[in-house]
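Given chain Z's structure and the hints, the job is docking chain P onto it.
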Amino acid sequence: MLYPDTVEAEILVHKPWFVATMFGVVLLLFMAFNMSGTSFAELMRPVIGEPSVSGLYGRFAIAFAIAVIFTLNVVLIGFAPLKFQIGIVWLELLLLFIAFFETFHLSLPFIREKLPFLISQGVVTTLYVSAISIVIASVIAVAGAVAKLSNNGFAFAIASFYTSFFRGLPLLMQVYLIYLGLPQLGFVINAVPAGILALSLCYGAYMTEIFRSGIQSIDRGQWEASRSMGFGFALTMRRIILPQALPVIIPPTGNQFISMLKDSSLVSVIGVWELMFLARTLGQKTFQHMEMLISAAMIYWMLSICLELIQSRIERHYHRSKVR
Amino acid sequence: MRAPAIIEAKAVSKWYGQFHALKDINLTVRKGERIVICGPSGSGKSTLIRCFNRLEAHQVGDIVINGVALHGKMTNAAVRSNVGMVFQHFNLFPHMTVLMNCMAGPMWVKGVSAANARKTALRFLERVRIPEQANKFPIQLSGGQQQRVAIARSLCMEPAVMLFDEPTSALDPEMVSEVLETMTGLARDGITMVCVTHEMGFARAVADRVIFMDAGQIVEEGTPDEFFSRPRHDRTKLFLSQILKH
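Protein chains in written order, with my numbering: chain Z, -17 to 306; chain P, -4 to 241.
Don't read these hints as lab results, they were simulated from the structure. C-beta: ideal position from N, C-alpha, C; glycine also. Incorrect hints may have been included.
[To be verified] Some chain P residues close to chain Z (C-beta under 10 Å, calculated; not the full set):
id : residue
1  : Arg45
2  : Arg75
3  : Val78
4  : Met80
5  : Leu87
6  : Gly100
7  : Val104
8  : Ser108
9  : Met152
Isolated chain Z (complex conformation) (with noise of 0.2 Å):
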């Protein structure tokens, strides 16, 4: 939440301009368009006659009654209370995404059938392979936010060089530079490793970024106060720095975790069986790709949807010795 403003200022969207400013641009906005194919010309049919012979009347027909639904809505919304604001909205964006998904007259029987193997072979891939990652790219973030504030010139090398060029270079290139670059030196990899590989070597050198300016943010006073109690580096880093820290790494470390359960689907390219793979080749064979595609994309969404709620649980549970 933004800092409130007790100064108790009218609701924005009941203000007469505002309604009257919004209704204009939306009419213009949908005159602009010619919406005589579509399903809401045909509900219009009663009003207008022939949608696509109905012209200009027809298409400010159409345009007028969309404005007054958008208007009327908003302004109605306005006065519901925040928690049914908020639920509203959703509900609203949802929905005019089926809508949107509606138009592809996607097969269900054909989703229905492929889903358990998709979800079964392909999730279970996706999650295994961002776990790990996400594991191990945690570990290096912590030693290498550790060695990049070191005062040790060895260490700092090593991970300044690192998060340069794993930050620098394309996901993408890094998997292919692991899958085809290793076997040049004699280590024959699989795709699976190879993949966990570059993915954990990516995110951990952002999150190295991330867990440096964490460690950053504490007051060099808990330092000191650690050191004159006569805790060592370690103890001092383990107890009373990251503690602190993660409240302010936590969010941008959720991105992260969010991004890279994504960013599995380029493991795709070097053959593994997960998520993203499987969407493109399952529906191949038939030429249904889209209804593979947006299965996928919903199962990715869902997937990110328990992140964020992990996140803001763990927020809330950081939050507790912030509250006078």
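The following block gives chain P in isolation, referenced to the frame of chain Z:
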């Protein structure tokens, strides 16, 4: 017989880059002594006591704490558990309860059991008169209470000497007295302390010796009576006239 020396500083000098922060400091603090260090800001008084627990490193001279010499890097941990430090900005650990703040040192550094650490912590919280706040987080306390917790936290390590670095400078006026009373109580119990402060009333009432520093040097040193009634140096007189004006 004289009490054994807890802190011995011999010809200590320190530079920050080109800036000569401490110039040839000689100071001995004996067991049970209460020393107040005062002086204008930037005179090196905080730097000096931060050298006593090696939060800062001196470059020339010797500092011996309770028989352990401070040079190089080897002895720091051993020295620090002998020296308690109270900071201007308290520096409590905000993610731990008051009780845990006090238990942490004994448990993690000295390996005391949780039950015993808890007993010690409660005893010292009692002594700074806030045992009822033990399960709160630091941010829930007033500044004065936080500083008293910080004092208790240091005492839990049962140090040979307590260092106070302007402990009341960040406090509201009405909270200054509760912290000073706590410190006066400690002084009466015979705890060795070195205190950097501008609270001249406290210095007069409690100190065995008052030390006046200016520009990195000890300018004048004496009993509170000598120091306040018959200051010898012009610099001291000027400082006292300014600080006692209000």
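Right, here's what the structure says about each hint:
Interface restraint check for P:Arg45: the shortest CB-CB distance to chain Z comes to about 8 Å, inside 10 Å, so the restraint holds. Below 10 Å, beta-carbon pairs count as interface contacts, and P:Arg75 has one with chain Z at about 4 Å; its hint therefore holds. This hint holds: P:Val78 has a C-beta 7 Å from the nearest C-beta of chain Z, less than the 10 Å allowed. The beta carbon of P:Met80 comes within 4 Å of a beta carbon in chain Z, closer than 10 Å, and the hint placing it at the interface holds.
Contact between P:Leu87 and chain Z, as hinted, is supported at the beta carbon level, the nearest pair being about 7 Å apart and thus within 10 Å. Interface hint at P:Gly100: satisfied, since its Cβ lies 4 Å from the closest Cβ of chain Z, which is below the 10 Å cut-off. A cut of 10 Å between beta carbons decides the hint on P:Val104: the least distance to chain Z is about 4 Å, and the hint holds. For the restraint placing P:Ser108 at the interface with chain Z, the shortest Cβ-Cβ distance is roughly 17 Å, beyond the 10 Å limit, so the hint is violated.
Against a cut-off of 10 Å between C-beta atoms, the interface hint on P:Met152 holds, since the closest Cβ of chain Z lies about 7 Å away.
Figure legend: structure checked against the earlier numbered hints; the only hint not met is number 8.
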